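Q: Sequence:
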Amino acid sequence: MYRTSKFAVASRTVPQIRDRLSKGFPAKFTSIHFVRNFSCSPASTGVDKLYPRHDNFSDRHIGPSAAQRSKMLDILGLKSTDELIRKVVPENIRLDRELNLEPPVCENEVLTRLYEITSQNQTWRSYIGMGYYNCNIPSTIKRNILENPGWSTQYTPYQPEVAQGRLESLMNYQTMVADLTAMDIANASLLDESTAAAEAMGLCYRQNKRSRFYMDAKLHPQTIAVVETRAESLGVDIVIANHKDMDFSKKDFCGVIFQYPDTEGNIEDFTRLVDTAHAHGSLAVCATDLLALTILRPPGEFGVDIALGNSQRFGVPLNYGGPHAGFFAVKDSLKRMIPGRMVGLTQDSAKNKCYRLALQTREQHIRRDKATSNICTAQALLANISAMFAIYHGPKGLKYLATRVHNGTHIIAEGLKKAGHTIEHAMFFDTIKVHCGTDRQTVLDRAQEKQINLRTFEDGTFGISLDETVKEEDMDDILWVFGSDSTSAMVAESMGESPQGSISNSGFKRNSEYLTHPVFNSYHSETKIVRYMKMLENKDVSLVHSMIPLGSCTMKLNSTTEMEPITWKEIVNIHPFVPIDQARGYQQMFAELERDLCEITGYDNISFQPNSGAQGEYAGLRAIMAYLASIEQKHRKVCLIPRTAHGTNPASAQMSGMKICPVDSDKQGNIDVRHFAKLVEKHRNDLACVMLTYPSTSGVFEEGVREMCEMIHDAGGQVYLDGANMNAQVGLCRPGDYGSDVLHLNLHKTFCIPHGGGGPGMGPIGVKKHLAPFLPGHPVVSPSGTSGPGATPFGVVSAAPWGSSAILPISWAYIKMMGAVGLRHATTAAILNANYMSTRLSDYYKTVFRGKYGFCAHEFILDCREFKKYGVEVADVAKRLQDFGFHAPTMSWPVPGTLMIEPTESEDKEELDRFCDALIQIRLEIRDIEEGRIDVRQSPLKHAPHTMNVVMSSTWDRPYSREQAAFPAPFVTSINKVWPTCGRIDDVYGDQNLICSCPPMESYSSPYLEESVSEESKEKIAA
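Each residue of the sequence shown is one higher than the last, beginning at 77 in the working numbering.
Please keep in mind that the hints were generated in silico from the structure rather than gathered at the bench. This structure is a prediction, so every number in the text was calculated from the model and none was measured. Here a beta-carbon is modelled for each residue, glycine too, at the ideal position from N, C-alpha and C. There could be a bad hint or two in this list.
[What the hints assert, rightly or not] Here are the in silico distance ranges between beta carbons for each label pair:
| no. | residue 1 | residue 2 | range |
| --- | --- | --- | --- |
| 1 | E548 | E185 | 40 to 48 Å |
| 2 | S858 | T592 | 43 to 51 Å |
| 3 | G379 | S1029 | 47 to 55 Å |
| 4 | G973 | V1064 | 18 to 26 Å |
| 5 | K710 | S918 | 49 to 57 Å |
| 6 | D328 | V1012 | 53 to 61 Å |
[Said to hold, decoys possible] Okay, derived cross-link-like pairs now, SDA-like style, lysine to any residue, Cα gap no bigger than 25 Å in a straight line:
| no. | residue 1 | residue 2 |
| --- | --- | --- |
| 7 | K427 | H1019 |
| 8 | K710 | G733 |
| 9 | K944 | P972 |
| 10 | K147 | H130 |
Given only the sequences and the hints, what does the whole structure look like? Please build it.
A: Next comes the structure, spelled out in structure tokens:
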């Protein structure tokens, strides 16, 4: 059994893991204990009996105690959780054994073990660039946002009244991006730079319906690869060339995209390209760098329509590729076509200014097969870090950082010239391309000696990219690597105060102001920014306050132990394109996590590249299409999708080039099997796949899932399973066993990666053996399994080879600490919690769908439609829950006028009862309306949520008391009261008056403005 840093693996995956870990690795890194048929419980020895383990993490993760579980089972009329599972999960898919995982690791030991693994990573100094840079995350931001569950555990701000803090922060992010790019409007972030470029291509295609898209050859290679992949399924022809050789006169290009500065560091005037594109009816897209734009003429000033890039270097570490927040900004004329989410200014019921997600009708859950993108999330946590980085430094501080990086690059360039090398481009910001004047191998050998990574081009040249972390001694080492006898100080002394070729002495100099809003000029001391961050945090409901019972979203415990490694230097300080042997720790962790996830799900291989659930859907469908093409079945394009499926399913299918065919549901919320069989037969010759969500979004395990999978296979199709509800399956059944060929896993749901207020997410896909050769590849570093014999990747879906690598330790640690028994226990607890709540509420609310024996899965749907005849909408119930300190469940999906509740396994019976008590009290308030004791327009439901300003007002003319408004249940007290900071949001006003940047100074107020704000500004603010 596991007692050292060596790890145990199941024998069936020995060849695979041995192969992955031994290629090019020294023997000391590949010592493995291979244990056959090991027990899933700790070894029972004399020592274990007298000196047991420190802890059992599953008891800390799972909320209900044994006594509480017994009471809940009594309410259900059951004797055991095993009896419950027999009545919930169909017998023909149930797993008849324990998962073959290694014994659980103690919470106090798992970090030691992970550190031993990640210590194999070598944190060399990387000057590779290509859109990724090292940076210094201010300690106060790291501690108070990244490491703070008050910021990391919220869900997407669908209930804006209790999400004003992160909404304000995301508004700051949008303002930062719009200001620095000089564009009119920006969104609240996308997944990364490359996927942002793919979204831009899609926008151009939708805008003018032309089927060609031009990409400049000097874009980052990963961006070219992702856009090519996305364009293929849309039928868009990609042309890659030097823009000076292009002819746009045929007016057949929907758009053009270029990098500024480009991937080699060159700064070029693209004004002519933009003007030519516009003259021939094409949109102009610019991929750019936010730090450079503090001193470089921004793209909005020379006419581009879309600006995009990566905000990573604003306070977010390298993270071996992710997570990072991509940015996306457009001209005003394109604002209603911008992908992803936007935060907009609106007003509440008291006419006070506040924030909410703007234009929510663009959410893909609503648009389904008419969706323009399958993006349904953002990188909110990372965007908030970058926004706070800009606030902390301010415009002067950012310009200082940019100037320092720029001058350092000039020092290196000048030193290399003096050493006999040639710098290819005369105008640059932070990156130079070097033609060696000496032996190239000598440079490589010296770089290795100093543990320095350089970019190597196919033509034998080198790339050097500097960042804010580079010190004087680092520059000295770079010069030495290239054979220079000079130090950086000697070179700088010879250059004078303003380097020749500097941006400040050229026509590329930025002359316009940016970040002039007070928020970017007020919080430069740590005292003030800590107070500002805490003020924003206090406006939000997160898991530190109460349960967030969002159905289909699995808001469970994100334990501190799981989260701690995400700031280790061995995790975060690695460039995604370093040689693979510098990331041995990552590779071992990937291999172990892949093995565990394959065992949990029943698949043969996992790809970690998709960095969101929707990306996983897209990647899985593209793998299916590639496989069908390989067996000469390319004509198969029909995708069956139940009407109850997640809204991103049809959006992803449409993006994959499939023809969507909806499948009806029966009255019990199940797939209508007769309609399903009819459609299978009708499309037998053209059927590509079915997309199933299991358990269904109706909250039940459908009895006929195995038979439906067999029907699809019999017709020559594939089965795609949406793994969003995997939290109801782990340890009980395996999708790969009952007929699924591919599934995506939401690690940010089932496997404990926190949602971050709307991202990051992680959506790896598991596939059966026949689909494995088609998993996504990468143009710079090939992920394991995509470069061997027979591998034919369908393309690339994310900028980094392994997506958001730095958050994978969270899921790795969760599985290791839980073990097989703990994981199954968690699943049964989630199902028990849901059924207990449904039963306890049954006298007050109807559960819309139940399974064969009258039970639900891990979530259930409450019917609120009958209240409509009394003038009460489901939104009234959702808003009233805020007065009890709760975030509302998923509202009006998949059934309009309902609430979908998922309690998860992390909440104990006391918390479940509090939430039930809140819903029961709300039901009694509805009954007061039904029976005429209060007019619906004057009821607390219609006025909810109640802010402190309203409750403490000197006047109160409502027919219910202030106590009922603010303290509607005994468990809501002055000690634990969570006050919504604004009244009910007016969405219509916000969409009619779309403002997606920080409000004007006269509308802005904060108690923490610095004295440096002018008196005139203070007067405006006070007004």
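Q: Are the hints correct? Go through all of them and say.
A: Status of the hints after comparison with the structure:
1. A beta carbon spacing of about 41 Å between E548 and E185 agrees with the range 40 to 48 Å that was offered as a hint.
2. Between S858 and T592 the Cβ separation comes to about 46 Å, which falls inside the hinted range of 43 to 51 Å.
3. For the pair G379 and S1029, the beta carbons lie near 51 Å from each other, so the given range of 47 to 55 Å is met.
4. One distance hint, 18 to 26 Å for the beta-carbon pair G973 and V1064, holds here, with the actual separation near 20 Å.
5. Take K710 and S918: their Cβ atoms lie about 51 Å apart, and the range 49 to 57 Å holds.
6. Checked against the hint of 53 to 61 Å, the C-beta distance between D328 and V1012 comes to roughly 58 Å, which is consistent with it.
7. For a cut-off of 25 Å, the pair hint linking K427 to H1019 stands: about 14 Å separates their Cα positions.
8. Annotation: proposed proximity of K710 to G733 holds, straight-line Cα distance about 11 Å (limit 25 Å).
9. Restraint check for K944 and P972: the C-alpha separation of about 11 Å stays at or below 25 Å, so the hint holds.
10. Annotation: proposed proximity of K147 to H130 is violated, straight-line Cα distance about 28 Å (limit 25 Å).
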